[in-house]
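Sequences and hints are given; from them, build the entire structure.
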Amino acid sequence: MPCRPDVSGYFGNYGGKFVPETLMPALAELEGAYADALADAAFQKQFDQLCKDFIGRPTPLYYAEQLTKKSGGAIILLKREDLAHTGAHKINNALGQGLLAKRMGKTRIIAETGAGQHGVATATVCAMLDLECIVYMGTEDIKRQAPNVQRMKLMNAEVRPVDSGSRTLKDAINEAIRDWVSNVKDTHYLLGSVVGPHPYPMIVRDFQAIIGREARAQVLKAYNRLPDYLVACVGGGSNSIGLFHPFYNDKDVKFIGVEAGGLGLKTGKHSATLATGKVGVLHGTKSYLMEDEHGQIMETHSISAGLDYPGVGPEHSFYKDSDRATYVAVNDEETLEGFKLLSNTEGIIPALESAHAIYYAVKMAKDLSKDKLIIVNLSGRGDKDLGIVTQALGMKE
Amino acid sequence: MSEITSVFKPDHKALIAYVTAGYPDKTATVNIAAALAEGGCDIIELGIPFSDPLADGATIQHASYLALQQGITPQICLDIAAEIRQIITTPLVFMTYYNPILRYGLEAFCKECIKAGVSGLIVPDLPPEEGLELEKVTHKHNLDLIYLLAPTSTDQRIGTVAARSRGFIYLVSLTGVTGARSSLSPELKGFVKRVRAKSDLPLCVGFGISKVEHALEAAALADGVIIGSRLINLIEEDTSLAALKSFITSVRKALNEKKNTGEV
Chain B
2 MPCRPDVSGY
12 FGNYGGKFVP
22 ETLMPALAEL
32 EGAYADALAD
42 AAFQKQFDQL
52 CKDFIGRPTP
62 LYYAEQLTKK
72 SGGAIILLKR
82 EDLAHTGAHK
92 INNALGQGLL
102 AKRMGKTRII
112 AETGAGQHGV
122 ATATVCAMLD
132 LECIVYMGTE
142 DIKRQAPNVQ
152 RMKLMNAEVR
162 PVDSGSRTLK
172 DAINEAIRDW
182 VSNVKDTHYL
192 LGSVVGPHPY
202 PMIVRDFQAI
212 IGREARAQVL
222 KAYNRLPDYL
232 VACVGGGSNS
242 IGLFHPFYND
252 KDVKFIGVEA
262 GGLGLKTGKH
272 SATLATGKVG
282 VLHGTKSYLM
292 EDEHGQIMET
302 HSISAGLDYP
312 GVGPEHSFYK
322 DSDRATYVAV
332 NDEETLEGFK
342 LLSNTEGIIP
352 ALESAHAIYY
362 AVKMAKDLSK
372 DKLIIVNLSG
382 RGDKDLGIVT
392 QALGMKE
Chain S
1412 MSEITSVFKP
1422 DHKALIAYVT
1432 AGYPDKTATV
1442 NIAAALAEGG
1452 CDIIELGIPF
1462 SDPLADGATI
1472 QHASYLALQQ
1482 GITPQICLDI
1492 AAEIRQIITT
1502 PLVFMTYYNP
1512 ILRYGLEAFC
1522 KECIKAGVSG
1532 LIVPDLPPEE
1542 GLELEKVTHK
1552 HNLDLIYLLA
1562 PTSTDQRIGT
1572 VAARSRGFIY
1582 LVSLTGVTGA
1592 RSSLSPELKG
1602 FVKRVRAKSD
1612 LPLCVGFGIS
1622 KVEHALEAAA
1632 LADGVIIGSR
1642 LINLIEEDTS
1652 LAALKSFITS
1662 VRKALNEKKN
1672 TGEV
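Those sequence lines, one after another, are chains B and S. Position in the first sequence (first residue = 1) + 1 = the numbering used here. Position in the second sequence (first residue = 1) + 1411 = the numbering used here.
Please note that a few of the clues may not be correct.
As the list claims (entries may be wrong) - Below 27 Å or equal to it, Euclidean Cα-Cα: the simulated DSSO-like pairs (lysine-lysine) are:
1. B:Lys364 x B:Lys255
2. B:Lys367 x B:Lys222
3. B:Lys279 x S:Lys1522
4. B:Lys186 x S:Lys1609
The set of hints was computed from the structure by calculation and includes no laboratory data. All values reported here derive from a predicted model rather than from experimental measurement.
Here's what the structure looks like:
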């Protein structure tokens, strides 16, 4: 496999395990259990079978003909993670870790969520595997992503509101880590992105890499060639790493990560960690992050709750420094444009997170020749965002 | 022998007090430190507030938040420490998370600590695996980097920390975050015993110690006790610091009276 972290869990200078001592043995246990599961053909078989029958994989690689015509340039293909069960890519990792937790004999699952997609995915898998499920969610996010809160509750998960700090994803992760510190013996922390201490960035990446493996095989079959560009949004970075990683050794395939530019990079109200951040330690990992001059973590902003996070996965930081990937920012207004465009031209309503990538891909495609190929990860569907979008666009009911 | 290790003597249980620097304000912290010294504390732990204190429970989270709201920075904490050391001789250690230190610069921060009269550092999100870089710098400046152990620590990890911690070893009494509890964890006794078998360093027990009885119980097993959240609560309840002084004095007195009992 390309680009593995080293034995200490570092991708180049990034990664590691910056957590309280109480959790260090649990991380070692998780690492051991994961290695064991990887070597067990029965585990792989079960995961593959459920990917097919429960999630509905493989998800299609769809030629967005109208979008391509509209942009007038490169061919745009959409990897349809929005069609996965629960409506986003998050289910891939939730299923993998859920099976792993079961294997480790853990009976209680905790998770954090921003947009609610990971919370819903975790609640879904816990319902299916009969595991107790507690999801931490910032009160600000509970307000803006209400439909997902209802879905989690329907599936018997307990949603615990987090009212500290910025009341968003960052604070939900703090609270989930505190819960894990207190209940580590019977609890598995089902972390939803490629962030956190080692081995999480590796485990989450591996379960999400199914996106890129499928896309690679699909594009080769349909076009008999590799794509020129991969485009995906980056908050913590799980859908983008999932798409990018299997193409790591295909040096001619360029990776573009699209971060949330919020109200604009100059305003300071954004979540463009890789574009503007500095290297530091947050939530157990050394990576780029948004901090003030005293090392305090900054409050971020994005119209999409799923990208509203001041850190980013260590593998992305490694890709940035080694120039394997390029990171750009798309602001809230442009995102809404991407959201409308995909809905109008293709009849697909994207999640606001994914709309960042859509906007950028269309912008790029315009300047590229018609023989170029772009794959965009459509990481989730947009039903959850209708309230925000209607309000932002001033649409009447 | 460092300033911290010299605190530990036979027949004397060390009393270590944690307060968040800048809570409720900068001047108050200096007065609080003086009161703690007068009440018989052997070491004062000053918390440098961090925006995301993931090893802390609600009380210290809230104190950190209020301190940050007032603009408390690591630099101001260094100033507070220097001011405290002008009026008392009690050794000071900083407790903070790794990112503010990293941002200040490891070398610059350690240098400034020594200048301000700070003798040690406790960094709860820095396990020994990640601590090599900071260790190098603290050793160079004769600053004690105090590592933590928890009831979940394996014997192998206990061995690592025993070999690398300086000053003392901070034993987290329970599987959890900081904050007052109604009773001590039943797993504490066996945990202290496991560490004692592998280390000659002084062992101090913290997290969840909020009553005189807890302090006595923990001191019977270890060489010192660390009290934090309860002190923050007492400061909040009574800003005249009378309640804080009376509590610390009573803990000190109880520890002195029981000093010859309870070896395990």
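Consistency of the hints with the structure:
{"no.": "1", "hint": "B:Lys364 x B:Lys255", "in the structure": "16 Å, holds"}
{"no.": "2", "hint": "B:Lys367 x B:Lys222", "in the structure": "25 Å, holds"}
{"no.": "3", "hint": "B:Lys279 x S:Lys1522", "in the structure": "23 Å, holds"}
{"no.": "4", "hint": "B:Lys186 x S:Lys1609", "in the structure": "24 Å, holds"}
The structure fails none of the hints (numbered hints given earlier).
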